[in-house]
Amino acid sequence: MKTTGMMGILIALGAAWAMAQGEQPMWRPGRDVVKLPLPLFSSGQAFNLPTTETLQKRNLEFEISHRFFPPVHEGDALYGLDGPVAMRIGLNCALTDRFLLGTAVSNAANAYDFKLKYRLLEIRGKGLPVAVGLQGGVGWNTAVYGRRKGDSRNVQAYGQVIVNTLLGKRFGIGLVPSVLTNGDVADSSTSERSLTVGGYLRCEVTPALGLLGEWSPVVNGYRRGHNPAALGIEVNTGGHFFKVLLTNSTGLNPSQYLAGTDYRFQGDELRLGFNITRLFGI
Amino acid sequence: MRQTLLILVTAAIGWGATASAVELQVDKTQKNLVKFTSHAQIETFSGTTDKIDGYVIWPGDELKPDTVPADNKVYFEVQLDGLDTGIGLRNRHMRENYLETDKYPMARYTGTVGKVDSSQSNANQVTTSGKFSIHGVDRPVTITGLVSKQGDHLRVTSGFDVKLTDYGIKVPSMMFLKLNEVIRIVLDFNVKEVRKP
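In the order they appear, the protein sequences are chains A and B.
The opening position of the first sequence corresponds to residue 3 in the working numbering, with each subsequent residue numbered one higher.
The opening position of the second sequence corresponds to residue 23 in the working numbering, with each subsequent residue numbered one higher.
It is worth saying that the hints were derived from the structure and are not from the lab.
Incorrect hints may have been included.
[What the hints assert, rightly or not] So these bits of chain A aren't anywhere near chain B, every CB distance computed over 12 Å: (1) W29; (2) T56; (3) Q58; (4) E124; (5) G148; (6) L248.
[Said to hold, decoys possible] In silico BS3-like pairs for lysine-lysine, Cα to Cα no more than 25 Å straight-line: (7) K53/B - K125/B; (8) K37/A - K171/A; (9) K50/B - K37/A; (10) K53/B - K37/A; (11) K185/B - K153/B; (12) K53/B - K59/A; (13) K125/B - K37/A; (14) K192/B - K171/A; (15) K151/A - K37/A; (16) K128/A - K125/B.
[Said to hold, decoys possible] One side of the interface only, derived from the structure: several residues of chain A facing chain B at Cβ under 10 Å: (17) P39; (18) S44; (19) S45; (20) E55; (21) G234; (22) N238; (23) G240; (24) G241; (25) L281; (26) F282; (27) G283; (28) I284.
Idealized CB from N, CA, C, for every residue including glycine.
Based on the provided sequences and hints, a complete structural model is requested.
What follows is the structure in structure tokens.
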């Protein structure tokens, strides 16, 4: 009887405890997982070469870039800043989160650039994350000496495969094999292609500040005297990118820098340049 | 003796059976909105998401606003990765540098309804007190909201201020101008009664 009484008390206490816990919800966490893009680079281009980054849908990116013609060592031209420049103004528009349409104009040969970029593939995982993108476009040079604007020889086309990865959390690496048709657009006697295998390395110093190096060697076909290269910094504010660089190339549009440069990458031939981009939501 | 035991068991079961409760859950088929607004000297920006989930447990057989049961429960969570400021890169900055959503993916509110004011004709003003958690920091808060009936669901609108530094969140700067360290959070979402199958 004593045992039975104890059991009864225990049952009653159990029920009281259950009540004290209150009603348990039927609700269960059912998270709609937000799939974020693989974050390898922040900006859509290194200095000249593209990254796999695209924009968020309905975002616009406005770009203004300069490459100063006088070399840095010409101190009386304020290290090249007080001189003529190659200038590019561009606008990129995200049609989807992966698909980007861009247009730009450069004062060098009054060249227009129309491009499409697609973020094709992302491979996540604990090893090396990899993103692959494709970019293709057309350059239309409207001020080639001795030709009409609409001359078909003024048109160049290019295609690029972009491969990005991240070593640790700080070192972003990009490889960009590219092909450019009609590399020497000013020479009517040839329409030789240029094949380049460009690359870049970005080292993150802080979330806002990165060091960046870029090299774009022409491995086959037409090349102006030398291979373009650049070293510099980028500052990211969340809506703007500021990039300041030393380079041996004054080419700004893909069709201009993919064919090489007239200058060597050495002290007395380096030029200053900058890229500024600003993002807008629409 | 057996009779005594039987009475106790029956009483305990009966007691448990009377402990019914109404449960409301976020109705994801409706348009839900969580929005924060942050002001700087020359620019104001906001972020929105519909990734809110959670429940209210209201002990009793039906939802009666005139009597507030002491052991009611309120729980809501917002998935912070879903916040969209309109600019992808800014979202990324917010996630990676300020909210650190890889470590703290959710903002949560756990509390109880303390008071319901039914004096307004088309909505009840509900005051809750509880704990708001974000960026790994919990702080007590009191949140007041309006609850109105909209067809078969209830619409909840509310707002409260969050001082970022209270939660260990750095105050973001845009173009070298710091944003206000207090941001306003506005909620407008819907809950619906669910019944046990």
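Here's how the hints hold up against the structure:
At roughly 4 Å from the closest C-beta of chain B, the C-beta of W29/A falls inside 12 Å, breaking its exclusion from the interface. Distance check on T56/A: its Cβ comes as close as 8 Å (rounded) to a Cβ of chain B, failing to clear the 12 Å threshold; non-interface status is violated. The Cβ of Q58/A sits about 3 Å from the closest Cβ of chain B, inside the 12 Å cut-off, so the non-interface label is violated. The claim that E124/A lies off the interface holds: its Cβ sits roughly 15 Å from the closest Cβ of chain B, which is beyond the 12 Å cut-off.
With a closest Cβ-Cβ approach of about 44 Å to chain B, G148/A is found to remain outside the 12 Å limit, as its non-interface label requires. Interface exclusion of L248/A from chain B stands, the closest Cβ pair being 25 Å apart, more than 12 Å. Straight-line distance between C-alpha atoms of K53/B and K125/B comes to about 28 Å, which puts the hinted pair past the 25 Å bound. With a C-alpha separation of about 19 Å, the suggested pairing of K37/A with K171/A holds against the 25 Å cut-off.
The hinted pair formed by K50/B and K37/A meets the criterion: a straight-line CA distance of about 18 Å does not exceed 25 Å. A hinted pair counts as satisfied when its Cα atoms are at most 25 Å apart, and K53/B with K37/A qualifies at roughly 20 Å. Of the supplied pair hints, the one linking K185/B and K153/B holds, its CA atoms being roughly 14 Å apart against a limit of 25 Å. Simply put, K53/B and K59/A have alpha-carbon atoms about 21 Å apart, close enough for the 25 Å limit, and the pair holds.
Proposed proximity of K125/B and K37/A is supported: the alpha carbons are some 16 Å apart, at most 25 Å. Proposed proximity of K192/B and K171/A is supported: the alpha carbons are some 21 Å apart, at most 25 Å. The hinted pair formed by K151/A and K37/A fails the criterion: a straight-line CA distance of about 46 Å is larger than 25 Å. Simply put, K128/A and K125/B have alpha-carbon atoms about 17 Å apart, close enough for the 25 Å limit, and the pair holds.
The beta carbon of P39/A comes within 8 Å of a beta carbon in chain B, closer than 10 Å, and the hint placing it at the interface holds. Residue-level restraint check for S44/A holds (minimum Cβ-Cβ distance to chain B is 6 Å; threshold 10 Å). For S45/A, the interface hint holds, the least distance from its beta-carbon to any beta-carbon of chain B being 8 Å, beneath 10 Å. Taking 10 Å as the C-beta contact cut-off toward chain B, the hint placing E55/A at the interface holds, the least distance being around 9 Å.
Nearest Cβ of chain B to the Cβ of G234/A: about 19 Å, over the 10 Å cut. The hint is violated. Taking 10 Å as the C-beta contact cut-off toward chain B, the hint placing N238/A at the interface holds, the least distance being around 7 Å. This hint holds: G240/A has a C-beta 4 Å from the nearest C-beta of chain B, less than the 10 Å allowed. Checking G241/A against chain B: minimum C-beta separation of about 6 Å stays under 10 Å; hint holds.
The closest approach between the C-beta of L281/A and any C-beta of chain B is roughly 5 Å, which is under the 10 Å cut-off, so the hint is satisfied. Annotation: F282/A was flagged as interfacial toward chain B, and the flag holds, the nearest CB pair being 7 Å apart, inside 10 Å. Look at G283/A: its Cβ gets to within about 3 Å of chain B, closer than 10 Å, so that hint holds up. Given the 10 Å rule on beta carbons, the hint for I284/A holds: about 8 Å separates it from the nearest Cβ of chain B.
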